[in-house]
Amino acid sequence: MTALLSIRDLTVTYRRDGSEVAALKHVSLDVAAGERFAIIGESGSGKSTLALAIAGLLPQSTRIGGRIDWLGRDHAPLGGRDIGFVFQDPSASLDPVMAIGEQIAEVAHTHLGLTWSQSYAKAKSLLERVRLPEPDAALRAYPHQLSGGQKQRVAIAAAIAAGPKLLIADEATSALDTIVQAEIVALIRHLVAEDGMTLLFVSHDIALAAELAERIAVFRHGQLVELGATAQIIASPGDAYTRALLDAHLGLDAEPLLQQAGASG
Amino acid sequence: MSSPLLAVSGLTRRYRGGDKTIAAVDDVSFHIEPGETLALAGPSGSGKSTIARLLLRLIEPDAGHIEFEGGDFLSLNGTALRARRARLQMVFQDPLAAFNPRASVARVIDDPLRIHGIASRKERPRRIAALLERVGLSADLAARAIHEVSGGQRQRIAIARAIATNPSLIVLDEAVSALDVSVRRQILQLLLDLQREERIAYLFISHDLGVISAIAHRVVILDAGRVAESGDARAVIGAPQSAIGKALVAAAPKLNRTSTQGPADRQ
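Chains as they are written, first to last, in the working numbering: chain A, 1 to 265; chain B, 1001 to 1267.
Just chain A, with the same shape it has in the complex (with noise of 0.2 Å):
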């Protein structure tokens, strides 16, 4: 494998109050190009210490230590144009009083220098491309004006509006009922593949995670605990913290905590 993106002894630390934080300590791992590799954790894992370092979007308070190299490429990445991000609630993530166009065509103007009227055709393309409908007038309408999942599929046309080689979702679908959940996850599947991105999704939940990913990273405490393959990962993890967060997903499936007999008649 051709790796995008190596990581040695990365440790970051907040500083808070006069006090430090360690939010990640010592992780090592290389991202290939073209994957679709995910990091799971509960609070507090650092997994989105993780994202914002690769994104270079830590605070600038922030202690750095170790590497994160970006390989077969002559500059550093430059956020927004080589990495495309992706939070968690589209409704801070986009400017509510900027008409939806312009925030899409405005990183295309700016990263790909086009003018403005290729880059409103640009953002026309791309509201398309993530299946917002109506894109001619979904141009001119402000966040306020589309759902939770709409709004979502304009803060991913803004993130791949530049070409992004990679895509970080972070927790992009958590706030998203089930059914716009899997059709956000699908979406980013297909754009992924069709523009040959690498994906970083960042999620709390494993379960998602396996259904996306090629290679799951598990962090617990700052700590890169378990890497490995989905499949491997999942039917046999190596380690008791995955195995515990395997066994406290609740499936269609799963053995009812319920006993029925405490039910009344």
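Note that these hints are calculated values from the structure, not bench results. None of these values were measured; they are calculated from a predicted model. From the three backbone atoms N, C-alpha and C, an ideal C-beta is built for every residue, glycine too. Accuracy of the hints is not assured; some may be wrong.
What the hints assert, rightly or not - Listed below are the simulated DMTMM-like cross-link pairs for lysine to aspartate or glutamate, each with C-alpha atoms no more than 20 Å apart in a straight line: (1) A:LYS124 x A:GLU194; (2) B:LYS1246 x A:GLU183; (3) B:LYS1254 x A:GLU42; (4) A:LYS124 x A:GLU102; (5) B:LYS1246 x B:ASP1223; (6) B:LYS1122 x B:ASP1111; (7) B:LYS1246 x A:ASP253; (8) A:LYS122 x A:ASP195; (9) B:LYS1254 x A:ASP195; (10) B:LYS1254 x A:GLU171; (11) B:LYS1254 x A:GLU214; (12) B:LYS1254 x A:GLU20; (13) B:LYS1254 x A:GLU183; (14) A:LYS165 x A:ASP136.
Claimed, not checked - Computed far set for chain A versus chain B, every beta-carbon distance over 12 Å: (15) LEU29; (16) ALA33; (17) PRO59; (18) PHE87; (19) GLU183.
Fit chain B to the known structure of chain A by using the hints.
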């Protein structure tokens, strides 16, 4: 067979936006027996939370009846409503949004005890300690600020507050959706223990069919404000008949731990 604890019939709530009228809840009927868990499932906008708000009388219906503990719940007002409300409690998805963030843990649990006149001022600290221990927390937590405790602890505190008034029914609106999976399981177990010991009924509102099949006796699946289907939770989820039921089951992430699950090219 005793009469149901809660009987909802023909419940309808419309919203007017411009010249359009949308029925958020449209002729919905269901009942809950004492000590039973009924789940309300459905996608965003199906009317789940509007039903919760109607049951709490935060909003009033345009049509329909709600019978609770054998009486007409919608005709209650003032003191009578307040007294009956002690028996019908609510736990929200995000307890931080439901609590005064500057309050102490003790204050959050003290409120219902004081408001409903359940315990004297002198007796209340002891009651608060007992309630905290009842939900698996240390009584020492009482002095802490609510924003200092973890999400799982906060949801236990929300449950302690809910059971403080000795309710017969608790509405749980996505009450475990924001929790980490390991914490979620502990909270579900706590809810089941309380139900078994106190015969509390739950209206469990969730979009997560996995959780519903693990803890609910029956399920009502809603679509666009109407009941699409209902029945035994595991039977309905195992073989849904309605289009929306089938879509919800198909969309639920599945973990196949025995075979070689991979990222098959599901589209």
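Checked hints:
1. A:LYS124 x A:GLU194: 18 Å, holds
2. B:LYS1246 x A:GLU183: 15 Å, holds
3. B:LYS1254 x A:GLU42: Since the Cα atoms of LYS1254 of chain B and GLU42 of chain A sit roughly 19 Å apart, the hinted pair holds (cutoff 20 Å).
4. A:LYS124 x A:GLU102: Satisfied, since the Cα-Cα distance of roughly 10 Å is no more than 20 Å.
5. B:LYS1246 x B:ASP1223: 12 Å, holds
6. B:LYS1122 x B:ASP1111: 14 Å, holds
7. B:LYS1246 x A:ASP253: Measuring from Cα to Cα gives roughly 15 Å; hence the hint holds.
8. A:LYS122 x A:ASP195: Status holds; Cα separation ~15 Å.
9. B:LYS1254 x A:ASP195: 27 Å, violated
10. B:LYS1254 x A:GLU171: It holds: about 18 Å lies between the C-alpha atoms, which stays within 20 Å.
11. B:LYS1254 x A:GLU214: 16 Å, holds
12. B:LYS1254 x A:GLU20: 39 Å, violated
13. B:LYS1254 x A:GLU183: 15 Å, holds
14. A:LYS165 x A:ASP136: 27 Å, violated
15. LEU29: LEU29 of chain A is indeed farther than 12 Å from all Cβ atoms of chain B, at 18 Å.
16. ALA33: 17 Å, holds
17. PRO59: 21 Å, holds
18. PHE87: 17 Å, holds
19. GLU183: 8 Å, violated
Going through the hint list in order, the structure does not satisfy hints 9, 12, 14 and 19.
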